[in-house]
Amino acid sequence: MLDLIIAKFNYWVYIVLMMIGLYAMIAKNNYIKKLIGMTIFQTAIMLFYVSIGAKQGATIPIIDHHGDGGDHGEAAEAVGHAVETAAHAAGSLDPDAYVNPLPHVLMLTAIVVGVATLGVAMAVVQKIHDQYGSIEEDEVLKRIKL
Amino acid sequence: MDIVQQAPILMILCPFLGAFAVSLAGLIQRRWCYPLTVLFTAGSAYAGLGTLIQVLRTEGGVIRYRMGGWEPPFGIEFRLDALNAAIALMVVVVALLVAIYSRQTVASETAGKEGHFYTLFLLLTVGVLGISMTGDAFNLYVFLEISSLSSYALIAMGRGRAAFSCFNYIIMGTIGASFYLLGVGYLYIKTGSLNMTDIARILQEHGLYSSNSVRIGFLFILIGVWIKMAFVPLHRWLPNAYTFAPSTTSCLVAPLMTKVSIYVMIRIMFSVFNPEFVFGVGPRSDLVVWLAVIAMMVGSFYALAKNKLKMMLAYLVIAEVGYMVGGAWLANATGLTGAIFHILADGLMTLALFLAAGAIYYKRKSYNIVATKGLFGKMPFTMGAFAIAALSMIGIPPTCGFFSKWYLISGGIEAGHWGFVVGLLTSSMVNAVLFFRILERAYFEKPELPYEPGRQGKNALNFVERKGVDEAPLTMLAPLWAASLGLVLLGVYSGVVIDFISRYVNSVGFQ
Numbered sequence: 001m002l003d004l005i006i007a008k009f010n011y012w013v014y015i016v017l018m019m020i021g022l023y024a025m026i027a028k029n030n031y032i033k034k035l036i037g038m039t040i041f042q043t044a045i046m047l048f049y050v051s052i053g054a055k056q057g058a059t060i061p062i063i064d065h066h067g068d069g070g071d072h073g074e075a076a077e078a079v080g081h082a083v084e085t086a087a088h089a090a091g092s093l094d095p096d097a098y099v100n101p102l103p104h105v106l107m108l109t110a111i112v113v114g115v116a117t118l119g120v121a122m123a124v125v126q127k128i129h130d131q132y133g134s135i136e137e138d139e140v141l142k143r144i145k146l
Numbered sequence: 001m002d003i004v005q006q007a008p009i010l011m012i013l014c015p016f017l018g019a020f021a022v023s024l025a026g027l028i029q030r031r032w033c034y035p036l037t038v039l040f041t042a043g044s045a046y047a048g049l050g051t052l053i054q055v056l057r058t059e060g061g062v063i064r065y066r067m068g069g070w071e072p073p074f075g076i077e078f079r080l081d082a083l084n085a086a087i088a089l090m091v092v093v094v095a096l097l098v099a100i101y102s103r104q105t106v107a108s109e110t111a112g113k114e115g116h117f118y119t120l121f122l123l124l125t126v127g128v129l130g131i132s133m134t135g136d137a138f139n140l141y142v143f144l145e146i147s148s149l150s151s152y153a154l155i156a157m158g159r160g161r162a163a164f165s166c167f168n169y170i171i172m173g174t175i176g177a178s179f180y181l182l183g184v185g186y187l188y189i190k191t192g193s194l195n196m197t198d199i200a201r202i203l204q205e206h207g208l209y210s211s212n213s214v215r216i217g218f219l220f221i222l223i224g225v226w227i228k229m230a231f232v233p234l235h236r237w238l239p240n241a242y243t244f245a246p247s248t249t250s251c252l253v254a255p256l257m258t259k260v261s262i263y264v265m266i267r268i269m270f271s272v273f274n275p276e277f278v279f280g281v282g283p284r285s286d287l288v289v290w291l292a293v294i295a296m297m298v299g300s301f302y303a304l305a306k307n308k309l310k311m312m313l314a315y316l317v318i319a320e321v322g323y324m325v326g327g328a329w330l331a332n333a334t335g336l337t338g339a340i341f342h343i344l345a346d347g348l349m350t351l352a353l354f355l356a357a358g359a360i361y362y363k364r365k366s367y368n369i370v371a372t373k374g375l376f377g378k379m380p381f382t383m384g385a386f387a388i389a390a391l392s393m394i395g396i397p398p399t400c401g402f403f404s405k406w407y408l409i410s411g412g413i414e415a416g417h418w419g420f421v422v423g424l425l426t427s428s429m430v431n432a433v434l435f436f437r438i439l440e441r442a443y444f445e446k447p448e449l450p451y452e453p454g455r456q457g458k459n460a461l462n463f464v465e466r467k468g469v470d471e472a473p474l475t476m477l478a479p480l481w482a483a484s485l486g487l488v489l490l491g492v493y494s495g496v497v498i499d500f501i502s503r504y505v506n507s508v509g510f511q
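Chain order of the listed sequences is A and B.
For the first sequence, the positions run 1 to 146 when the UniProt record's numbering is used.
For the second sequence, the positions run 1 to 511 when the UniProt record's numbering is used.
It is worth saying that the hints were derived from the structure and are not from the lab.
Built from N, CA and C at the ideal position, the CB exists for glycine as well.
Treat the hints with care, as some may be off.
Ranges between beta-carbon positions, derived for each pair [as the list claims (entries may be wrong)]:
(1) A58(A) / L17(B): 35 to 45 Å
(2) D3(A) / L304(B): 53 to 63 Å
(3) W12(A) / R503(B): 40 to 50 Å
Below are the DSS-like pairs computed for lysine-lysine, each with C-alpha atoms no more than 25 Å apart in a straight line [said to hold, decoys possible]:
(4) K28(A) / K127(A)
(5) K145(A) / K28(A)
(6) K8(A) / K190(B)
(7) K365(B) / K145(A)
(8) K142(A) / K33(A)
(9) K127(A) / K113(B)
(10) K145(A) / K308(B)
(11) K8(A) / K55(A)
(12) K308(B) / K365(B)
(13) K365(B) / K446(B)
(14) K33(A) / K127(A)
(15) K446(B) / K306(B)
(16) K306(B) / K142(A)
(17) K142(A) / K127(A)
(18) K55(A) / K190(B)
(19) K127(A) / K365(B)
(20) K113(B) / K365(B)
(21) K142(A) / K308(B)
(22) K33(A) / K145(A)
(23) K145(A) / K127(A)
(24) K142(A) / K28(A)
(25) K446(B) / K308(B)
(26) K306(B) / K365(B)
(27) K306(B) / K145(A)
One chain only, chain A, in its complex shape:
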């Protein structure tokens, strides 16, 4: 059991965060707290995505220069030569040596989406506040019923 928790630590963290977020979105009475829950919920999913791209002992996904690219600038070529030896020492291109960049890139988009959603939601909360003078759900409901 302990092994299961430690080996899949990242997934446990994402599940716990997600549940916290979901709880806040559904159970909290205050609109801003609901939005905080929403942000936690979205962030949990981002953490999940980022962690599936990670590998043990892998480095950032920038391919070492092999000196065969014709369209690079001279400066880049100079740097390339310096790195080339290291690259050759490590053997040819090894996908295991790099983390998977795709999930990270996807999450950049998801972050933008999350920010936009939060912005729209905040504007709506402000409108609710203007209309009913409160951001507590039960008070707003009371005022609607009146």
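Use these hints to put chain B onto chain A, whose structure you have.
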């Protein structure tokens, strides 16, 4: 390169670039917003027609449009086949009709905000079109959020409880989209791909159907789209959000958002996965069909209990979602054909009904059913079109509602799911009661003065009751009649459309 081959991308670029143009026009000269919106949606509809013709002419009936020439698993592609070419065309046609219709309603309900309104209008069109065309699972999420964000803002522009109901919609919508994203993540872990066709291929080749991650991913995606389409019991956000939105918004959002979510469900079920997996390993299909039956009952009977025209229509949308989800989960080709045909039919029916409701509101300043008293005398053209849409909703030939229900019921009988058959018939009966109650009032009773206690604001001062015919303006009537005649045409030519749809259904591979 031939311009015709660029039709799929032009279809989405037209409203996208239009959104920029309109937001600029909103700053300079607000009068330009309306014609620009009509122009750009018309361009998109033209490209949509071109796309459909291209799909019809292509061998195999599949167009794959690659962005920037990147090969599909690495690049994003638009993939149009017999399932979504017609749906994409329906989306642009709805957008065009609502754009034409919006002239007076936008000016009267969201005065001074035309620039913002039309920008969001076009962005919503972009999002929904993108959902219906993309062949990439993550790209679909992005388009889903583009359309949802614009619909949140459009709904919140309404009066009364709009902001309050919009907030609930934001919370539910975000949960739905996040679940979809999570599901895609699980599929990505297993397959390492985001392209739908590629995922399907990898799942098949490596026999990943028995993997728990894949099953969980499928379930998460299902829950996500069910929330987005307001499938019972996740439907609570919908009626208020659609009722309190400005009338143009509900005309645009009601026909598009739920139908497109159903399209996504069908796409994931049958293009990414296959019937064997969905009905063998997924949730038990008869349970989902029973949920669909509950959706029909809840939608229809709540609609019967409402005395606000728009609220009633919003509950009918929930019932219609039940028809389509049920049809797709009947696990046979006939039911799926019915469900896909009903996406097109219901898109137009909902459009016509909401357009008519908006026209009635524009003239009578009330959504209450009492306000429809004697309306055949006051607004004969509006009510005529409303009656055609109502007949289609009940399912009377030659309107298309009859043919889609025919296929759905045949599918139910074929599957031996009598609950679904009885549920659908009952729901149709309730629809009949519902609409004849309105039509009877509108035909036989004397018109009343506009009914709305405590009405205030500048609209009330401008309102002068006129004798005789007091019809909505032509820009509202023309789209309304186009939608109603479309219902009849879709019914008369249902054979052609069904033939086209069955190309996709046959490729799914039911046993």
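Each hint tested on the structure:
Look at A58(A) against L17(B): about 41 Å separates their beta carbons, and that is inside 35 to 45 Å. Between D3(A) and L304(B) the CB atoms are about 57 Å apart, so this pair conforms to the stated range of 53 to 63 Å. At about 46 Å, the CB distance of W12(A) to R503(B) agrees with the hint of 40 to 50 Å. The suggested pairing of K28(A) with K127(A) holds, with an alpha-carbon distance near 19 Å, which does not exceed 25 Å.
Under the criterion of a C-alpha separation no larger than 25 Å, the hint pairing K145(A) with K28(A) is consistent with the structure, at around 20 Å. A distance of roughly 16 Å separates the Cα atoms of K8(A) and K190(B); the hinted pair therefore holds under the 25 Å criterion. The straight-line distance between the Cα atoms of K365(B) and K145(A) is roughly 22 Å, inside the 25 Å bound, and the hint therefore holds. Restraint check: the Cα-Cα separation between K142(A) and K33(A) comes to about 19 Å, which is no more than 25 Å; the hinted pair holds.
The hinted pair formed by K127(A) and K113(B) meets the criterion: a straight-line CA distance of about 16 Å does not exceed 25 Å. Our distance criterion of 25 Å between C-alpha atoms is met by K145(A) and K308(B), whose separation comes to about 17 Å. At most 25 Å may separate the alpha-carbon atoms for a hinted pair to count; K8(A) and K55(A) meet this at roughly 13 Å. For the suggested pair K308(B) and K365(B), the alpha carbons sit about 12 Å apart, so the restraint of at most 25 Å is met.
For the hint linking K365(B) to K446(B), the alpha-carbon distance of about 17 Å falls within 25 Å, and the restraint holds. Our distance criterion of 25 Å between C-alpha atoms is met by K33(A) and K127(A), whose separation comes to about 16 Å. Distance hint between K446(B) and K306(B) is fulfilled; the C-alpha atoms sit about 22 Å from each other, no more than 25 Å. Proximity of K306(B) to K142(A) is assessed by CA-CA distance (about 21 Å); at most 25 Å being required, the pair is judged to hold.
Between K142(A) and K127(A), the direct Cα distance comes to roughly 17 Å. Compliance with the 25 Å bound is thereby established for this hinted pair. With a C-alpha separation of about 15 Å, the suggested pairing of K55(A) with K190(B) holds against the 25 Å cut-off. In summary, the hint linking K127(A) to K365(B) is supported, as the alpha carbons are separated by about 24 Å, within the 25 Å threshold. For the suggested pair K113(B) and K365(B), the alpha carbons sit about 20 Å apart, so the restraint of at most 25 Å is met.
Taking the CA atoms of K142(A) and K308(B), the gap is about 22 Å. The hint holds against a cut of 25 Å. Distance check on the hinted pair: K33(A) and K145(A) sit about 23 Å apart at the alpha-carbon level, within 25 Å; holds. For the hint pairing K145(A) with K127(A), the CA-to-CA distance comes to about 18 Å; that is within 25 Å, so the pair holds. Between K142(A) and K28(A), the direct Cα distance comes to roughly 16 Å. Compliance with the 25 Å bound is thereby established for this hinted pair.
The suggested pairing of K446(B) with K308(B) holds, with an alpha-carbon distance near 19 Å, which does not exceed 25 Å. Restraint check for K306(B) and K365(B): satisfied, since their Cα atoms lie roughly 18 Å apart, inside the 25 Å limit. Taken as a hint, the K306(B) and K145(A) pair is honoured in the structure, with Cα atoms around 17 Å apart against an allowance of 25 Å.
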